[in-house]
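S.K.: If you're matching them up, the sequences are chains X and V in order. Under the working numbering, the first residue of the first sequence carries the number 452, and numbering increases by one thereafter. Under the working numbering, the first residue of the second sequence carries the number 452, and numbering increases by one thereafter.
It should be emphasised that the hints constitute simulated quantities derived from the structure, not laboratory data. Some clues are possibly wrong.
The list treats identical chains as one, so a pair stands whether inside a single copy or across any two.
[Said to hold, decoys possible] The calculated lysine-lysine pairs, modelled on DSS-like cross-linking and capped at a C-alpha distance of 27 Å, are:
1) 772 to 737
2) 630 to 688
3) 664 to 688
4) 772 to 664
5) 772 to 688
6) 630 to 836
7) 630 to 772
8) 743 to 688
There are 2 protein chains.
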Amino acid sequence: MSQIQNALDAADTALDASLDRLFEFLRIPSISADSAYDGDCRRAAEWAASTLRELGFDASPRETIGHPMVVGHRRTGRQGVPHVLFYGHYDVQPPDPLDLWTSRPFEPIRASGPHGEIIVGRGASDDKGQVMTFIEACRALIAADGQLPVDVTIFLEGEEESSSRSLVPFLTANRDELKADFCLVCDTGMWDRETPAVTTMLRGIVYEEVTIKAASRDLHSGSYGGAAQNPIRVLAKILAALHDDEGRVTLPGFYDGVQDLPADVKAEWDALNFDGAEFLGDVGLKVPAGEKDRTVLEQITVRPTCDVNGIVGGYTGEGAKTVIPAQASAKVSFRLVGGQDPARVQAAFRQFVSARLPEDCHAVFQSHGASPAIAVPADSPPLTKARRALAEEWGRTAPVIGAGGSIPVVGDLQRILGIDSLLIGFGLEDDQIHSPNEKYDLRSFHKGIRSWVRILDALAR
Amino acid sequence: MSQIQNALDAADTALDASLDRLFEFLRIPSISADSAYDGDCRRAAEWAASTLRELGFDASPRETIGHPMVVGHRRTGRQGVPHVLFYGHYDVQPPDPLDLWTSRPFEPIRASGPHGEIIVGRGASDDKGQVMTFIEACRALIAADGQLPVDVTIFLEGEEESSSRSLVPFLTANRDELKADFCLVCDTGMWDRETPAVTTMLRGIVYEEVTIKAASRDLHSGSYGGAAQNPIRVLAKILAALHDDEGRVTLPGFYDGVQDLPADVKAEWDALNFDGAEFLGDVGLKVPAGEKDRTVLEQITVRPTCDVNGIVGGYTGEGAKTVIPAQASAKVSFRLVGGQDPARVQAAFRQFVSARLPEDCHAVFQSHGASPAIAVPADSPPLTKARRALAEEWGRTAPVIGAGGSIPVVGDLQRILGIDSLLIGFGLEDDQIHSPNEKYDLRSFHKGIRSWVRILDALAR
């Protein structure tokens, strides 16, 4: 029997014990956004550090201005083996609204789901369940072989669900200690219930707030209506001009740096048979609203977009008020891909607005973020090895996929530590993360552990 | 000496006593919007009824579900004299913000203004000061001649500043008692400090709220951005289409029934030298934003308009949220003139929106009002007599003018009692009604009384 088979067997044999440990972790209500749970956040950090020490890691909670980080190292002592940094987070979302839970959020249970057994509780998937797939994989490898195949640093954050304010300072201050060859990030999902995936593309974002101001005060529309500039009308006209009839964004230069999918990735995606109609149907929609010449899958992952996320102006209470407001504002965000330059997109947007202001209006801008898209080279050796390992465990190709949203830590790791990330996780669309009755499939947990065993083994070769 | 001169002399002689009575009235804080002042509203109604009884009126407060109305009659007993209904209101706006007042709002004072002596206090102009010009004119006429030249019914409301909820039921229930030949409404202003005016045109209004709905729930713009319909964008596009580049409203049929000013009125207006630049400059604007081929004065009084009075959708708090909202809504109002049909404008707007909805969107409409414009025939005998009387008092022509906003009571009187109104008042632009330091020029008060003496006398001839 090969060493890898021993480790896989160890993972299978230990599954109930692994679950017991996961449940211990889940019982700690480490809600980072609510200071009433500060002590529980610390307890979760200490629990994780102690669990890692038990596995021979040199691990401890580390103080920050917020909740502690957890850092643990276990080195092979051998030369020439890769050094991987594993990132996850031990904090969870608040469980509200409590009355929609069918069990208690911090008393995890095993239950039957429509597709097999599930683990129900806050954090079951996001991110304690996913983190424990990695830690339990380390345990199985050590049990089978007395050591890990690669040097491993585990880095757990306690503020991911509440702004990550300590992350960048901590990465910066501990740059040398955390530096590794690449990072494994487990905060993502499978393609579908049967198909694992590696996320290699994350969209960036430029988020702007614009306020258009006209008269020096709110005006009565009876007295001024017809002659006074109305900033809501001006704003509406500008927002309406941001897209053309083909669904394309009209900012000059917006598509600079945007490239089509490589042919091989496109072919892989076509084979996945993504059902755009079902995706939209789930939220009551039928017709893709984006670029007309792109599939839904492209629209939501590898194409840049523009959306208005909020708008407000004038009287918004009940009934009627005949006001022409002095100002109106909108929050406008752009999802970026490939080589789009956030600074150029931001400047193009501000220029676009300013150029369309009529006399008597001026605009005030506020930035709520500007970060580029992230793309991991689709042909790096660690990526190829990880995809092969996943394919062996799940019996089918693990596609590289894009995610429409951003995972800021990936950019921070690239920028501060200079390392790329492989985003691999076993979450599913129906995990209800951030919602009541969060769950993780037992199969995700079990095969997730086995997947990491195979990946760590493969990365050493 | 003619009878009219006697009455004018009586008004002059009694000015200080008239002011004392006005100050008594002003000291009663009859704030109709605040139930803490219910007793004061009643006190103001009783004060007014008692003042009228003192002048020989058969007057009393009348109960409503809200604040009392005041009705008083004084008939000449002669056949063939006109019967005029005078409308005003005894309630006032709340005085907030108190710290911006330089004197106490309900302790009226005489003070020096840049253009002469002024009366400062809440209600000094709107509407107690204006009401008292009429009552003191009656007093002067009675003092000089022992009787009034016409049959007079005085009707004072106590809820004008807080929705007038009892007005229509009261007019309906007391139709026969309140019926007169025409109504005099004193809730308007002069053309400027030297030029009296009669308001004969009031714009109507159609006020719609539209909510555009798309997905069945709010969506994450990272996951759905690019493929999901965004109701803010849809709404912005529709609102932007409501005007063309010439500032005209694009609703089909919108201008049906709109007529140009009669040549003689236009000539009178041209002679008034209305300074559109100054009007806009006072509120920080420079360039008229309406129909390009119309003057500011036309734009704000006799041309129909469309404005967005409020808009809201998505995230409007501080910072950023990457949401594609399930809905967005706007309050849109149209000011109507001439023969525009409110029902047709409302229907055209709803059709305009519905025709522009993309797939997956639907619109929900709510009406917040639909009333036609009001125009008093510019050549009626009472109007001609009143203009002549005003010209005699002020030494210059009293133009007929339009008001951009609506004065609902005028439409109610027309609809329920079947009578037209002459809108004559002596308020000035700088009276700061509804604001701190409300004032009424002593000259407005004094010459207002004298003007009513002349008008009532003229109407009898």
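S.K.: Classify it for me, residue 772 with residue 737: is the Cα-Cα distance of at most 27 Å met within a copy, between copies, both or neither?
M.R.: Answer is between; shortest inter-copy Cα gap is 25 Å, intra-copy 36 Å.
S.K.: Tell me, please, which holds for residue 743 and residue 688 at an alpha-carbon limit of 27 Å: within, between, both or neither?
M.R.: Result: close both inside a copy and across copies, 22 Å intra and 18 Å inter.
S.K.: Indicate which option fits the pair residue 630, residue 772 if close means a Cα-Cα distance not exceeding 27 Å: within, between, both or neither.
M.R.: For residue 630 and residue 772, the Cα distance exceeds 27 Å both inside one copy (59 Å) and across copies (32 Å).
S.K.: At most 27 Å between CA atoms: does that hold for residue 630 and residue 836 within a copy, between copies, both, or neither?
M.R.: within (21 Å within a copy, 94 Å between copies)
S.K.: I want to check one pair: residue 664 and residue 688. Are their C-alpha atoms no more than 27 Å apart within a copy, between two copies, both, or neither?
M.R.: Intra 14 Å, inter 20 Å, cutoff 27 Å: intra and inter.
S.K.: Within a copy, between copies, both or neither: which one fits residue 772 and residue 664 at a CA-CA cutoff of 27 Å?
M.R.: both (19 Å within a copy, 23 Å between copies)
S.K.: Give the relationship of residue 772 and residue 688 under a CA distance limit of 27 Å: within one copy only, between copies only, both, or neither.
M.R.: both (22 Å within a copy, 23 Å between copies)
S.K.: Which holds for residue 630 with residue 688 at a C-alpha limit of 27 Å: within a copy, between copies, both or neither?
M.R.: neither (49 Å within a copy, 49 Å between copies)
Checked against the numbered hints given earlier, this structure breaks hints 2, 7; the rest are met.
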